[in-house]
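Peer 1: This is what each chain is made of:
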Amino acid sequence: MARPNRNPLWRFPGIAPAAAALFAYMYVPIIILIAFSFNENRIATIWTSFSTQWYGVVLANDDIIRAARNSIVIATSAMLIATVAATFAAIGMTRHRFRGQDGVNALIALPLVVPEIVTAVATLLFFVLIGLKLGILTVIIAHTVFCIPFAYLPIRARLEGMDPALEHAAADLYAPPWQTFRRVTLPLLWPGILSGAVLAFIISLDDFVITYFVAGAGATTLPVYIFGMIRIGVTPEVNAISALMLVVSIVFVSLSFLIGRVRRG
Amino acid sequence: MIPARVLAGRAGLIGPAIAIIGVFMLLPLGLMAYVSILERGEYGGVVWDQHTAEAYFAFLFERNLDGSVEVNTDYLQIYARSFWLSTTTTAIALLIGFPTALYMALQGPRMRALLVFLVTVPFWTNLLVRNYAWILLLRNNGLVEVVLRWMGITDQPIDVLYTPFAIGVGLTYSFLPFMVLPIYASLEKLDLRLVEAAYDLGANRLQALRRIVIPLALPGIVAGSVLVFVPCLGAYVTPELLGGSKSLMIGNLIQNQFGAARNWPFGSALAFVLLALVLVAMIAYALRFRRAPGT
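The listed protein sequences correspond, in order, to chains A and B.
Position one of the first sequence corresponds to residue 510 (my numbering), numbered consecutively onward.
Position one of the second sequence corresponds to residue 1094 (my numbering), numbered consecutively onward.
These aren't lab readings, by the way, just hints derived from the structure by calculation.
Positions of the beta carbon are idealized from the N, C-alpha and C atoms, including for glycine.
There could be a bad hint or two in this list.
As the list claims (entries may be wrong) - Chain A is faced by these chain B residues, among others (derived, beta-carbon under 8 Å):
#: 1; residue: 1361
#: 2; residue: 1364
#: 3; residue: 1371
Claimed, not checked - Sample of chain A residues lacking proximity to chain B, with all beta carbon distances greater than 10 Å (derived):
#: 4; residue: 570
#: 5; residue: 572
#: 6; residue: 625
#: 7; residue: 674
Working from the sequences, and respecting the hints, build out all of it.
Peer 2: Below you can see the structure in the form of structure tokens.
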């Protein structure tokens, strides 16, 4: 539907300032944080001069590098497993309607509904009970669980927008199911899968609460490490590493957004 | 009749996701409920074969040394505070979120896509880092105070950080996108000719808003409110960073039972009560608002 937004009748006074206030509220803290990460002064509120020295300090810190490596290993593993599982599930869920489908949908959405702190506690108890030592593996398992719905949603959305006639046509041309999948479904689905994978990757990279509970001593991730730093106090190092994390996330979301916009077909 | 091969294929497709979430989430949640009725071990942990309702009892009462029982409202107060903060946050998010969503819905397609993107981005950035940014702003001698001083509004330390107010600011900031997006989604589908018709029939702007726009946006408003309220109730990071020791929320209380207090059954009971509250809210929402449109 065309939007006659220049029509004076649609003008509600006050909504433009409200929107401006909201966007300022959302972005000013992020901008301030990034700006302060370039502050040369150790006392974060007094601006003295521009400097990138704190990034140097951060990147020379072995603990931070180790935490970053853990984060990347965990996010990559969780992303791969979750994306494969989510792609299969989305295909299984979209093809036909079946009994119990609502139940399956609810189960896949469960990690989005349950408060993180509850999931964290429950997962910790579970690992302790089955005697799995807390470490990288337990974090990967816990992350895979909540990455599945994030990967699933864009893939499912893409599948639902796909014309089933294309798959039927392939079948009519005597393509066996596997070939239909590989030559028709998968190429069309690819942007959805990629965008789901990127989202799963960031959500894993950014997670703090669940990781905090299920990571043993050797599996400290970047957010867990940053949390420890913040506990000690506001320092330029925290500003720099935080700014880095923000920028990485923003780059990845933008990427996912652009992939998602790739035209169908 | 569906051939067995198709059924097996479907089970094979859906199976892995269901198995992962079932084993590593649903099962642990059940286990947590079970741990909540177990006896606490002497040195932390639990005694697996001793069942007791002690954890739920301890939520409301406290035993004195002489064995008498007294009502203890400490935990109830923390739950009440969490409810109050979550409700306030939801209300404020609605107050800023609704006009913003309306503004977005009235833009041209390109602008709309850009604004949706801008609302979405903060959600995908690190929650911890975004809350940390508010420490820089709100602490004494922080940016907010410096600006207020410069404007001549105050010359005292503002003493805002580590208060429930700071938690409110942080929670609203953390979950605002969840309010804007669903409202926007329902306003985007709104047929503007209905508003036009209201004007034709002599309504003024406020009436058109109240009688046409808001009722039609109601599903979005309700969905947004649930999506803000639920994560607020279970928030851990924001009260941990921006709240003080006197403004604990449910999340901190639960964490404490698994950390310093080493009382797993009590922590599990607290978490289970929180989960139950959230599920009741979600089910009520599903029953009332997820029916076919128009009912």
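Peer 1: Work down the list of hints and note, for each, if the structure agrees.
Peer 2: Now for the hints, and whether the structure bears them out:
1. 1361: Since the shortest Cβ distance to chain A is 7 Å, the answer is holds.
2. 1364: holds (5 Å)
3. 1371: Result: holds, 6 Å to nearest chain A Cβ.
4. 570: holds (17 Å)
5. 572: Non-interface label on residue 572/A holds, nearest chain B Cβ at 17 Å vs cutoff 10 Å.
6. 625: violated (6 Å)
7. 674: Holds: least Cβ distance 20 Å, greater than 10 Å.
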